[in-house]
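Asker: Going line by line, the protein sequences match chains A and B.
Each residue of the first sequence is one higher than the one before, counting from 1 in our numbering.
Each residue of the second sequence is one higher than the one before, counting from 1001 in our numbering.
Calculated from the structure, these hints are not laboratory results.
One or more hints might be untrue.
Within a straight-line C-alpha distance of at most 25 angstroms, the following computed SDA-like cross-link-like pairs (lysine to any residue) qualify [said to hold, decoys possible]:
| no. | chain 1 | residue 1 | chain 2 | residue 2 |
| --- | --- | --- | --- | --- |
| 1 | A | K71 | B | K1057 |
| 2 | A | K56 | A | P113 |
| 3 | B | K1009 | A | T105 |
| 4 | B | K1083 | B | T1103 |
| 5 | A | K42 | B | D1054 |
| 6 | B | K1009 | A | Y32 |
| 7 | A | K71 | B | P1075 |
| 8 | B | K1057 | B | Q1041 |
| 9 | A | K68 | A | T107 |
| 10 | A | K71 | B | G1063 |
| 11 | A | K68 | A | G16 |
| 12 | B | K1009 | A | D84 |
| 13 | B | K1070 | B | G1016 |
| 14 | A | K42 | B | N1053 |
| 15 | A | K71 | A | T95 |
| 16 | A | K42 | B | P1075 |
| 17 | A | K71 | B | R1044 |
| 18 | A | K68 | B | G1042 |
| 19 | B | K1070 | B | K1083 |
| 20 | A | K71 | B | D1059 |
Note that the coordinates shown come from a computational prediction; the quantities given were computed from them, not determined experimentally.
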Amino acid sequence: GENVGLHLPTLSVQEGDNSIINCAYSNSASDYFIWYKQESGKGPQFIIDIRSNMDKRQGQRVTVLLNKTVKHLSLQIAATQPGDSAVYFCAEGITYNTDKLIFGTGTRLQVFP
Amino acid sequence: DGGITQSPKYLFRKEGQNVTLSCEQNLNHDAMYWYRQDPGQGLRLIYYSQIVNDFQKGDIAEGYSVSREKKESFPLTVTSAQKNPTAFYLCASSPTGTRYTDTQYFGPGTRLTVL
Chain A
1 GENVGLHLPT
11 LSVQEGDNSI
21 INCAYSNSAS
31 DYFIWYKQES
41 GKGPQFIIDI
51 RSNMDKRQGQ
61 RVTVLLNKTV
71 KHLSLQIAAT
81 QPGDSAVYFC
91 AEGITYNTDK
101 LIFGTGTRLQ
111 VFP
Chain B
1001 DGGITQSPKY
1011 LFRKEGQNVT
1021 LSCEQNLNHD
1031 AMYWYRQDPG
1041 QGLRLIYYSQ
1051 IVNDFQKGDI
1061 AEGYSVSREK
1071 KESFPLTVTS
1081 AQKNPTAFYL
1091 CASSPTGTRY
1101 TDTQYFGPGT
1111 RLTVL
């Protein structure tokens, strides 16, 4: 959709395969991270979050991995389905700080049969 | 989208006009936010409010104004002073305004186009 970026990096996967979407965050002081999913023409939908005292968190079909050493976050989607097609972006923040959430530009996931 | 509604979904404005975008939430959240989304960019914060009758400027507040008279409502006015208002506008809310990095939940968005 026109509101979520025309030149985003794209990940194409076959239905049933696992997907890995990556995010490099900017602030080493960030201690809270969120993954959102945004379908065309819609608002972002919360998927999963993780705090810096963890390096892995699992949800339903999704896993988030956090590597603070290299400031890297990844979202793994198991058994990718056509309904997973969307733009995925990460957000970082600092608890108890007036800094705001900083949002990445996103990755477009395309799932083909 | 949860309990956050935005209206209208599409809005067209002539140059020189002010327009107001509506955002309502029934989640009993203390904090509310307005973001702007442009192609190829991350969300940018316009204004936020941590509590009723209080709000703060975000990174790109120029040309915008807000009010927070009720907990459930946070309308955004795009004024004629905003030089490039065509964008997708997203409203969000979070449970508490005291911990700014609480999870934010988004509304469905309003697409504003200046003719």
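Asker: Could you run down the list of hints and mark each one as holding or not?
Answerer: Verification of the supplied hints:
1. A C-alpha spacing of about 28 angstroms is found between A/K71 and B/K1057, which places the hinted pair above 25 angstroms, so the restraint is violated.
2. Simply put, A/K56 and A/P113 have alpha-carbon atoms about 29 angstroms apart, too far for the 25 angstroms limit, and the pair is violated.
3. Proposed proximity of B/K1009 and A/T105 is supported: the alpha carbons are some 22 angstroms apart, at most 25 angstroms.
4. The hinted pair formed by B/K1083 and B/T1103 fails the criterion: a straight-line CA distance of about 31 angstroms is larger than 25 angstroms.
5. The suggested pairing of A/K42 with B/D1054 is violated, with an alpha-carbon distance near 28 angstroms, which exceeds 25 angstroms.
6. For a cut-off of 25 angstroms, the pair hint linking B/K1009 to A/Y32 is broken: about 31 angstroms separates their Cα positions.
7. As the CA atoms of A/K71 and B/P1075 are separated by approximately 36 angstroms, the hinted pair breaks the 25 angstroms bound.
8. At roughly 19 angstroms between alpha-carbon atoms, B/K1057 and B/Q1041 fall within 25 angstroms of each other, so this suggested pair holds.
9. Distance check on the hinted pair: A/K68 and A/T107 sit about 21 angstroms apart at the alpha-carbon level, within 25 angstroms; holds.
10. At most 25 angstroms may separate the alpha-carbon atoms for a hinted pair to count; A/K71 and B/G1063 exceed this at roughly 35 angstroms.
11. Distance restraint check for A/K68 and A/G16: the Cα-Cα separation of roughly 30 angstroms exceeds the 25 angstroms cut-off, and the hinted pair is therefore not satisfied.
12. Distance check on the hinted pair: B/K1009 and A/D84 sit about 23 angstroms apart at the alpha-carbon level, within 25 angstroms; holds.
13. Distance restraint check for B/K1070 and B/G1016: the Cα-Cα separation of roughly 28 angstroms exceeds the 25 angstroms cut-off, and the hinted pair is therefore not satisfied.
14. A hinted pair counts as satisfied when its Cα atoms are at most 25 angstroms apart, and A/K42 with B/N1053 does not qualify at roughly 29 angstroms.
15. For a cut-off of 25 angstroms, the pair hint linking A/K71 to A/T95 stands: about 17 angstroms separates their Cα positions.
16. As the CA atoms of A/K42 and B/P1075 are separated by approximately 19 angstroms, the hinted pair is consistent with the 25 angstroms bound.
17. Only pairs whose Cα atoms come within 25 angstroms are accepted, and A/K71 paired with B/R1044 is accepted, the gap being roughly 21 angstroms.
18. For the suggested pair A/K68 and B/G1042, the alpha carbons sit about 21 angstroms apart, so the restraint of at most 25 angstroms is met.
19. Between B/K1070 and B/K1083, the direct Cα distance comes to roughly 29 angstroms. Violation of the 25 angstroms bound is thereby established for this hinted pair.
20. Proximity of A/K71 to B/D1059 is assessed by CA-CA distance (about 24 angstroms); at most 25 angstroms being required, the pair is judged to hold.
The structure shown violates the earlier hints numbered 1, 2, 4, 5, 6, 7, 10, 11, 13, 14, 19.
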